[in-house]
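Visitor: All chains, full assembly: derive it from the sequences and hints.
Number of protein chains: 2
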Amino acid sequence: MESEHRSGAANARRGTPTHPRRADAERNIAAILAAATSCFAKNPNASMTEIAAAAGVGRVTLYGHFSSREALLSELMERALSEVATVLEATGLDEGPADETLRTFIRSSWQLLDRNLRMLHAARRALPAEAVHDHHVGILSAMDRLITRGRQEGAFRDDLPAHWLVSTVYALVQAAGDQVEAGRFTSEEALDALDATLASALRRP
Amino acid sequence: MESEHRSGAANARRGTPTHPRRADAERNIAAILAAATSCFAKNPNASMTEIAAAAGVGRVTLYGHFSSREALLSELMERALSEVATVLEATGLDEGPADETLRTFIRSSWQLLDRNLRMLHAARRALPAEAVHDHHVGILSAMDRLITRGRQEGAFRDDLPAHWLVSTVYALVQAAGDQVEAGRFTSEEALDALDATLASALRRP
DNA sequence: CTTAACTCAAACAGAGTTGTTCAACTTATC
DNA sequence: GATAAGTTGAACAACTCTGTTTGAGTTAAG
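Residue numbers (our numbering), protein chains in the order written: chain A, 1 to 205; chain B, 1001 to 1205.
I should point out that these hints are in silico values taken from the structure, not numbers from a laboratory.
Be aware that one or more of the hints could be misleading.
Below 20 Å or equal to it, Euclidean Cα-Cα: the simulated EDC-like pairs (lysine to aspartate or glutamate) are [said to hold, decoys possible]:
hint, chain 1, residue 1, chain 2, residue 2
1, B, Lys-1042, B, Asp-1114
2, A, Lys-42, B, Glu-1130
3, A, Lys-42, A, Glu-130
4, B, Lys-1042, A, Glu-130
5, B, Lys-1042, B, Glu-1130
6, A, Lys-42, A, Asp-114
Every value quoted in this text rests on a predicted model; they were computed, and no experiment measured them.
Guide: This is the structure in structure tokens:
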């Protein structure tokens, strides 16, 4: 029941990170994370058994590194979203015209998102709502800040609440990812469509 | 394994609708459908036991009317989507300016969608992809027809593929529903925001 | 009021899951 | 090459879910 949000590391039961991990352990953890991302993308209900097999690792080893299914999903979500957050920071949230900044951000984080959208979807529905919110809060609040600035500058519409604009962005990114998944768009086409649609959806009328 | 798409009726094993159903059976079926909608909205993984309890019937009775969990979900989706399809037809797909028609359609089907979005989400993920597609095909193709006409008339943008515009509508409706669910919008606010956002997202640039 | 339709609780079989323990084996690392 | 860290399959307990059967009880409908 207690949230073990010792984020960033894959320490299952050790309270303190203890010392360095052995090289093969490190390798296995990487393999598990990759396999899990791919498994959850294919099937949101993927079992620990499937994931261990896909990672080429015994089930016991999997539990050795991630104490529960939930811990694994939480770690996956944490990593994916913090990658995006890093890109967000690197974009320079508070500089340049807000609409240009958003555009740049979307473009530079698209590959990341495209790769992880389905896994994130799985995590979102298997994790308690509160945990999901915690993981998102960084990105969402940064987006909110960017959009709010854009409204003040006149680049974005202010006839609708900022939170709605944020979730518009969120929803359209999802939709673009789904189209790629369904084979109706290539990744590049999806990005272009997303870009064009966001531009007109957010611009002041 | 065989798809029993004898849609519209809740006949579990009877091949032919045989004769009328008894009044109490009819009543229970209605209670089950209502309870299931509400249960799946709260928890996409709701079990048959939960649903039977919520409907105030025995589990055996539930299985008596719906031969499997899948059959129940399929019936729910069928009913919800055909309600929407009915509204779509009633809107007069091929008359008047396409943007006005879309607007009218969204407005008149919003309550229906708002009520059922979460249940539909649950059904969508529990049913085989093919079945989901079959249920949607009516609405999606009608939407596609409307949007294609709108593009020819110059009301909607034609710099992006029609299927993308359709899924933009779909995604934003979802997002609006989620905002209501999250308590950040009332149903009316969400509808207004949806309306305004769709207008600018679909208009030609 | 009689019959056929319907309901129900309890109990069952079967399949899947999660997470743990054990005892032997392999591999990094110093 | 010794030792500690890491891995492994097998087996286990506990649980949840699905779908079915049974036999007795209830209720609508003619």
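Visitor: For each hint, tell me whether it holds in the structure or not.
Guide: Here's how the hints hold up against the structure:
1. Our distance criterion of 20 Å between C-alpha atoms is met by Lys-1042 (chain B) and Asp-1114 (chain B), whose separation comes to about 14 Å.
2. For the proposed pair Lys-42 (chain A) and Glu-1130 (chain B), the alpha carbon gap of about 16 Å is at most 20 Å, so the pair holds.
3. Only pairs whose Cα atoms come within 20 Å are accepted, and Lys-42 (chain A) paired with Glu-130 (chain A) is rejected, the gap being roughly 25 Å.
4. Annotation: proposed proximity of Lys-1042 (chain B) to Glu-130 (chain A) holds, straight-line Cα distance about 15 Å (limit 20 Å).
5. With a C-alpha separation of about 25 Å, the suggested pair Lys-1042 (chain B) and Glu-1130 (chain B) falls outside the 20 Å cut-off, and the hint is violated.
6. At roughly 14 Å between alpha-carbon atoms, Lys-42 (chain A) and Asp-114 (chain A) fall within 20 Å of each other, so this suggested pair holds.
In summary, the numbered hints that this structure violates are 3 and 5.
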